[in-house]
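Protein chains in written order, with the numbering used here: chain A, 10 to 346; chain L, 10 to 346.
The reader is advised that the hints may include incorrect statements.
[Said to hold, decoys possible] Only pairs whose alpha carbons sit at most 27 Å apart, straight line, appear in this in silico DSS-like list of lysine-lysine:
#  : chain 1 : residue 1 : chain 2 : residue 2
1  : A       : Lys-263   : L       : Lys-288
2  : L       : Lys-294   : A       : Lys-268
3  : L       : Lys-273   : A       : Lys-284
4  : L       : Lys-268   : A       : Lys-288
5  : L       : Lys-206   : A       : Lys-206
6  : L       : Lys-263   : A       : Lys-288
7  : L       : Lys-185   : A       : Lys-284
8  : A       : Lys-263   : A       : Lys-288
9  : A       : Lys-280   : L       : Lys-206
10 : A       : Lys-273   : L       : Lys-206
11 : L       : Lys-263   : A       : Lys-273
12 : A       : Lys-261   : L       : Lys-133
13 : L       : Lys-206   : A       : Lys-288
14 : A       : Lys-91    : L       : Lys-200
15 : L       : Lys-206   : A       : Lys-263
16 : L       : Lys-273   : A       : Lys-280
17 : L       : Lys-268   : A       : Lys-273
[Stated by the list, open to error] Covered stretches of chain L, as calculated for chain A (at least 3 residues, CB under 8 Å):
#  : region
18 : 167 to 181
19 : 217 to 228
20 : 244 to 258
21 : 270 to 281
Read the hints as simulated data drawn from the structure, not as lab findings. Each residue gets a CB set at the ideal place from its N, CA and C atoms; glycine is no exception.
Listed here are the chains, written in short residue letters.
Number of protein chains: 2
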Amino acid sequence: MSETVKVVVDAMGGDNAPAEPVKAAAAAVEERSDIEVILTGNKDVIEKELEKYTSAPKERIHIVPTTEVIETAEPPVMAIRKKKDSSIVVGLNMVKKQEADAFVSSGSSGAVLVGGQVIVGRSKGVERPPLAPLIPTAEGVSLLVDCGANVDARPSHLVQFAKMGSIYMEHIVGIKNPRVAIVNNGAEEEKGNALVKETFPLLKACKGINFIGSIEARDIPSGYADVIVCEAFVGNVILKLYEGLAATLMSKIKGGMMKNTRSKMGALLIKPALKETLKEFDTTKHGGAPLLGLKGLVVKTHGSASSVEIKNAIFQCVDFKQQQINEKIAEHINEGD
Amino acid sequence: MSETVKVVVDAMGGDNAPAEPVKAAAAAVEERSDIEVILTGNKDVIEKELEKYTSAPKERIHIVPTTEVIETAEPPVMAIRKKKDSSIVVGLNMVKKQEADAFVSSGSSGAVLVGGQVIVGRSKGVERPPLAPLIPTAEGVSLLVDCGANVDARPSHLVQFAKMGSIYMEHIVGIKNPRVAIVNNGAEEEKGNALVKETFPLLKACKGINFIGSIEARDIPSGYADVIVCEAFVGNVILKLYEGLAATLMSKIKGGMMKNTRSKMGALLIKPALKETLKEFDTTKHGGAPLLGLKGLVVKTHGSASSVEIKNAIFQCVDFKQQQINEKIAEHINEGD
Numbered sequence: 010m011s012e013t014v015k016v017v018v019d020a021m022g023g024d025n026a027p028a029e030p031v032k033a034a035a036a037a038v039e040e041r042s043d044i045e046v047i048l049t050g051n052k053d054v055i056e057k058e059l060e061k062y063t064s065a066p067k068e069r070i071h072i073v074p075t076t077e078v079i080e081t082a083e084p085p086v087m088a089i090r091k092k093k094d095s096s097i098v099v100g101l102n103m104v105k106k107q108e109a110d111a112f113v114s115s116g117s118s119g120a121v122l123v124g125g126q127v128i129v130g131r132s133k134g135v136e137r138p139p140l141a142p143l144i145p146t147a148e149g150v151s152l153l154v155d156c157g158a159n160v161d162a163r164p165s166h167l168v169q170f171a172k173m174g175s176i177y178m179e180h181i182v183g184i185k186n187p188r189v190a191i192v193n194n195g196a197e198e199e200k201g202n203a204l205v206k207e208t209f210p211l212l213k214a215c216k217g218i219n220f221i222g223s224i225e226a227r228d229i230p231s232g233y234a235d236v237i238v239c240e241a242f243v244g245n246v247i248l249k250l251y252e253g254l255a256a257t258l259m260s261k262i263k264g265g266m267m268k269n270t271r272s273k274m275g276a277l278l279i280k281p282a283l284k285e286t287l288k289e290f291d292t293t294k295h296g297g298a299p300l301l302g303l304k305g306l307v308v309k310t311h312g313s314a315s316s317v318e319i320k321n322a323i324f325q326c327v328d329f330k331q332q333q334i335n336e337k338i339a340e341h342i343n344e345g346d
Numbered sequence: 010m011s012e013t014v015k016v017v018v019d020a021m022g023g024d025n026a027p028a029e030p031v032k033a034a035a036a037a038v039e040e041r042s043d044i045e046v047i048l049t050g051n052k053d054v055i056e057k058e059l060e061k062y063t064s065a066p067k068e069r070i071h072i073v074p075t076t077e078v079i080e081t082a083e084p085p086v087m088a089i090r091k092k093k094d095s096s097i098v099v100g101l102n103m104v105k106k107q108e109a110d111a112f113v114s115s116g117s118s119g120a121v122l123v124g125g126q127v128i129v130g131r132s133k134g135v136e137r138p139p140l141a142p143l144i145p146t147a148e149g150v151s152l153l154v155d156c157g158a159n160v161d162a163r164p165s166h167l168v169q170f171a172k173m174g175s176i177y178m179e180h181i182v183g184i185k186n187p188r189v190a191i192v193n194n195g196a197e198e199e200k201g202n203a204l205v206k207e208t209f210p211l212l213k214a215c216k217g218i219n220f221i222g223s224i225e226a227r228d229i230p231s232g233y234a235d236v237i238v239c240e241a242f243v244g245n246v247i248l249k250l251y252e253g254l255a256a257t258l259m260s261k262i263k264g265g266m267m268k269n270t271r272s273k274m275g276a277l278l279i280k281p282a283l284k285e286t287l288k289e290f291d292t293t294k295h296g297g298a299p300l301l302g303l304k305g306l307v308v309k310t311h312g313s314a315s316s317v318e319i320k321n322a323i324f325q326c327v328d329f330k331q332q333q334i335n336e337k338i339a340e341h342i343n344e345g346d
């Protein structure tokens, strides 16, 4: 059996804390024996939640009590600096001190991103650690990198995103020789803004990645590329529009189904098959978004994450550790330029 | 009765030329008596297509023969300069010389955008004419401005986009005091890349527009703002992802409906209601994207435009002319800064 992986889960982060993070912890240790979970947060509250899960092997769930919570609206840099006893700062410090392998939080994105870089620290050679969520496509999933950590990135950052993303897709998702594309406003090589025009030849010349050129946003959902490289502002627009458009379309479709008696009958017949199909297109199914290129692992889950999403993020941490992604990134980050 | 509006239609542009543009011309003059259409392109080919439409009032359809066609793959600046007798250049020159009020093309986006600026020319005071398509939302439509003409725009450009977009939404779509928002990677005022951070206070201080702050991409499909301001690279990503994601989701849903006998029966019952609902979310229903802030009117329709989309674009030109949008833009573009 492989070594136990220790994952800190922020029990106070997200819209559904502490109920969902605690439920995720209980489910994770029950489902897999190679995991220990450490919950950071208010001890009494966590213990009360844990009482619900009588069958979970509690010897693999630990509580590290903390007294502060970083709110989503707080300016992240200040919050990280001031709230030393918050569930986020304490969790990140455990990763830094190698008391844990990974930290998962549904709390303040800004605090997790800033804290990841400032407390856990960048891996040697990594210029900017990107946030890299998996997004669903017609073919499976693609990695969208970067999605929030570094707006106004430079070309060299994007080249590193391509390398780190390729390693992740190959070893975590299991796609051999993953296709890398850069988000562009046209398919032709001469298209692009200043950043893309400067980055394109660097990616083309970069050895060790399978660069297939530009990708127009239209082709992202069809699964045309495995690693989709872009600057964080654009990545954020893609990720958020994905979520917003899917939600609006689904509600339109539900509205159409409820239009009249005939369509309501149809809806009843169709529901199970449709539900199954659309589950494949669920952004929350694939766990959280890792912050790549740190000395430890930090994973951000949605603010609205359910216990299933958080549990999947915990499992993702185990794969990440067992596949030695950080070691591979450190080894390859400066190769092939 | 109002004055007749003269619209040049590029009969050689787009995947479905000349059949769809010619069909659109015939349908437009048949449906409305205040329109004349001038078709630019190969005379013999156009005449042969026109023969199909026996009931159309042909005295309001004219042909201006041209011998060249600009292909989508051609570098636009060179193409505009060299192909003087192309359907695009001849059409744009007619607008420039005020022999026509507007030009509609499904051909090369680059050539139409470059040609619009170089041949027709910018209205006095307009720094960069943006391409502004209407996108469907849960509430109706929003104007996405800019969507392709000017990557790496400056803050002053975005402020002008907001003003021109507001005029368009108020007078063409009929929305009083349209809500203007800037695309951002978070709802808080301190969020953003360098461009957004610099533009935000300018929009806030700008009189004569109803600026409501940042919009996250997640909230675009819900119809949270009427005028959505962004730099063209981001606008292109939003527009293309809208199209791509809607297509992928629809094909997933169709797949789900065909899964088994039960779901197939449901699909039959649901189809009419669903079709009607989804029609509201059709990006092609709203005609083409105007290039705002020119001395005349230039409208770009999808490369794959059907005759219905082109016909709607022709009608849009009539509204644009009758509502004196260009005059209103010229009057207000330097106000309130």
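Okay, the hints, checked on the actual structure:
1. Straight-line distance between C-alpha atoms of Lys-263 (chain A) and Lys-288 (chain L) comes to about 14 Å, which keeps the hinted pair within the 27 Å bound.
2. Proposed proximity of Lys-294 (chain L) and Lys-268 (chain A) is supported: the alpha carbons are some 22 Å apart, at most 27 Å.
3. Between Lys-273 (chain L) and Lys-284 (chain A), the direct Cα distance comes to roughly 14 Å. Compliance with the 27 Å bound is thereby established for this hinted pair.
4. Annotation: proposed proximity of Lys-268 (chain L) to Lys-288 (chain A) holds, straight-line Cα distance about 14 Å (limit 27 Å).
5. Pair hint Lys-206 (chain L) plus Lys-206 (chain A) holds up; C-alpha atoms about 23 Å apart against a cutoff of 27 Å.
6. Taking the CA atoms of Lys-263 (chain L) and Lys-288 (chain A), the gap is about 14 Å. The hint holds against a cut of 27 Å.
7. With a C-alpha separation of about 40 Å, the suggested pairing of Lys-185 (chain L) with Lys-284 (chain A) is violated against the 27 Å cut-off.
8. The suggested pairing of Lys-263 (chain A) with Lys-288 (chain A) holds, with an alpha-carbon distance near 15 Å, which does not exceed 27 Å.
9. In summary, the hint linking Lys-280 (chain A) to Lys-206 (chain L) is not supported, as the alpha carbons are separated by about 45 Å, beyond the 27 Å threshold.
10. Note on Lys-273 (chain A) and Lys-206 (chain L): the hinted pairing is violated, with a Cα-Cα distance of about 48 Å set against a maximum of 27 Å.
11. Among the hinted pairs, Lys-263 (chain L) with Lys-273 (chain A) is consistent with the structure: their alpha-carbon atoms are about 17 Å apart, no more than 27 Å.
12. Restraint check for Lys-261 (chain A) and Lys-133 (chain L): the C-alpha separation of about 43 Å exceeds 27 Å, so the hint is violated.
13. This hinted pair does not check out: Lys-206 (chain L) and Lys-288 (chain A) have alpha carbons roughly 38 Å apart, beyond 27 Å.
14. A threshold of 27 Å between alpha carbons decides the hint, and for Lys-91 (chain A) with Lys-200 (chain L) the separation of about 21 Å falls inside it, so the pair holds.
15. In summary, the hint linking Lys-206 (chain L) to Lys-263 (chain A) is not supported, as the alpha carbons are separated by about 38 Å, beyond the 27 Å threshold.
16. Proposed proximity of Lys-273 (chain L) and Lys-280 (chain A) is supported: the alpha carbons are some 11 Å apart, at most 27 Å.
17. Restraint check for Lys-268 (chain L) and Lys-273 (chain A): satisfied, since their Cα atoms lie roughly 19 Å apart, inside the 27 Å limit.
18. By the rule of at least three residues with a Cβ nearer than 8 Å to a Cβ of chain A, the coverage given for the region 167 to 181 of chain L is violated, with 0 such residues.
19. Counting residues of the region 217 to 228 of chain L whose beta-carbon sits less than 8 Å from any beta-carbon of chain A gives 4, enough to reach three: the coverage restraint holds.
20. With a threshold of 8 Å between beta carbons, the proposed coverage of the region 244 to 258 of chain L by chain A holds, since 14 of its residues qualify and at least three are required.
21. Look at the region 270 to 281 of chain L against chain A: 10 of its residues bring a Cβ nearer than 8 Å to a Cβ of that chain, three or more, so the hint holds.
Going through the hint list in order, the structure does not satisfy hints 7, 9, 10, 12, 13, 15 and 18.
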